[in-house]
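Colleague: Sequence:
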Amino acid sequence: MSDKEGISNIYAISLETIHSREKVLESFKNALTHIHFRLLKIFDNEDIVGIKVDLLNDPVKSYQNDGFFKIITDYLKEKKTYPFFCDTTNRYKDRKNNFISFYPNAIHSNLTGLESETPFTTLDGINGLYEIVREVPGAKSKKSITHLAGGLQNLDGLIVFSKLKCHNMAGCSGAIMSLGMGLAGKMGKVKLFSKNPPHVNESKCSYCRKCLHRCPVNAITVDEISRHAFIDKTKCINCGKCVDVSKFGSITYDWDADPEHFQTQLVENAVAATSMLHANKQLYINFLMEPEDLDLTFTRGTGFKGILISKDPLAIDKASNDLLGNRCQFGELIFEYAHELNLGNLKYQIHHVAY
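Just so we're aligned, residue 0 is where the sequence shown starts under numbering that gives the first Met the number 0, counting upward by one.
Bear in mind the hints are in silico, worked out from the structure with no lab data behind them.
Any given hint could be a false lead.
With beta-carbon atoms standing in for the labels, derived distance ranges [as the list claims (entries may be wrong)]:
1) His-33 to Glu-331: 33 to 43 Å
2) Lys-69 to Ser-225: 34 to 44 Å
3) Val-221 to His-260: 38 to 48 Å
4) Ile-6 to Glu-331: 37 to 47 Å
5) Arg-226 to Asp-255: 23 to 33 Å
6) Asp-321 to Ser-205: 44 to 54 Å
Quick caveat: nothing in here was measured; it's all calculated off a predicted structure.
Every residue gets a Cβ at the ideal spot worked out from N, C-alpha and C, and that includes glycine.
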């Protein structure tokens with residue numbers, strides 16, 4: 000992941016030194032395509048390149064409406080690669096719970112259709128159950144198992160867009176968060192937030208028996224007398240399929256993970272995800288600003304606002320956190336553990352790009 004031994008290159012576009020929205024986009028384009036940088040050159044003809052986006056937030060206020068994505072997709076298509084937008088489904092029941100309900104949001108975000116001619120899909124399948132299991136050598140637990148979106152194994156390259164923000168469990172939410180949670184399958188997401196298997200709320204169980212038939216390891220039985228389900232925790236693999244089909248909150252998780260557990264799992268997921276891709280065909284783009292900052296009406300001199308680009312997910316998050324004045328708490332555990340597992344470098348060199 001490093002450009003020099005132990006030091007990774009970070010390319011920064013600072014709004015402090017740019018005085019128009021058009022110049023921001025021009026600087027972004029040049030950082031990716033100019034002969035001095037050519038960060039998109041890492042992708043070859045006929046590569047299948049996933050562009051990881053997060054459509055959970057309000058699409059009207061997100062960056063896909065400002066031209067950043069189109070710069071990338073136009074360039075990749077000109078190079079005869081096959082770019083597509085991708086995300087994963089959620090672990091809970093909302094519009095991102097499955098691809099069918101998720102897809103209209105992608106259309107509304109102008110990611111698909113005639114305007115971009117770039118397809119969109121969920122890497123974990125229609126209902127989030129398309130997963131691949133990977134071990135993480137050197138992890139804290141002797142046999143760390145991660146559950147990732149199965150579509151990762153079909154990619155030749157990956158571009159990850161992340162919006163920097165503080166997170167109550169992860170500290171600094173950026174590229175590592177996009178990898179570790181954004182590319183995890185549903186079971187992988189469950190393991191982030193819960194240490195223990197789900198449990199049955201007996202008073203809410205309607206005795207529908209759907210969970211019994213959905214469990215892949217026969218860990219669920221039903222009692223004919225009490226007329227509710229039981230989960231054998233010695234058999235349960237914590238896949239969450241019973242939770243998905245349960246009604247009225249009859250089967251739930253306690254969501255008992257603490258920050259250390261969450262961050263450990265997050266880093267291990269991120270390491271496993273990057274290991275499935277060519278090391279030199281990954282690009283990370285962090286936005287350290289709000290969409291409205293592109294209007295350049297903010298008060299200058301109040302801290303870095305702009306965009307960082309790097310091939311190293313650890314270095315770009317470390318640089319992001321440093322530029323934000325370490326305002327996000329307890330992020331150091333993530334950085335140290337990610338470095339221990341060779342996700343990237345803690346040292347970096349920033350190159351400013353402005354046109």
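Colleague: Does the Cβ distance between His-33 and Glu-331 fall inside 33 to 43 Å?
Modeller: For His-33 and Glu-331 the Cβ distance comes to about 35 Å; the hint holds.
Colleague: Between Lys-69 and Ser-225, is the Cβ distance one that fits in 34 to 44 Å?
Modeller: Roughly 59 Å apart at Cβ, these two residues miss the hinted range, so it is violated.
Colleague: Check the following: the C-beta atoms of Ile-6 and Glu-331 are separated by a distance inside 37 to 47 Å.
Modeller: 19 Å, violated
Colleague: Just tell me: holds or violated, for the beta carbon distance of Val-221 and His-260 against 38 to 48 Å?
Modeller: 31 Å, violated
Colleague: Assuming the hint says 23 to 33 Å, is it satisfied by the Cβ distance from Arg-226 to Asp-255 or not?
Modeller: This hint holds: roughly 28 Å between Cβ atoms.
Colleague: Lying within 44 to 54 Å: is that true of the beta-carbon distance Asp-321 to Ser-205?
Modeller: The hint (44 to 54 Å, Cβ to Cβ) holds, given that Asp-321 and Ser-205 are roughly 52 Å apart.
In terms of the numbered hints stated before, the structure departs from hints 2, 3, 4, listed from lowest to highest.
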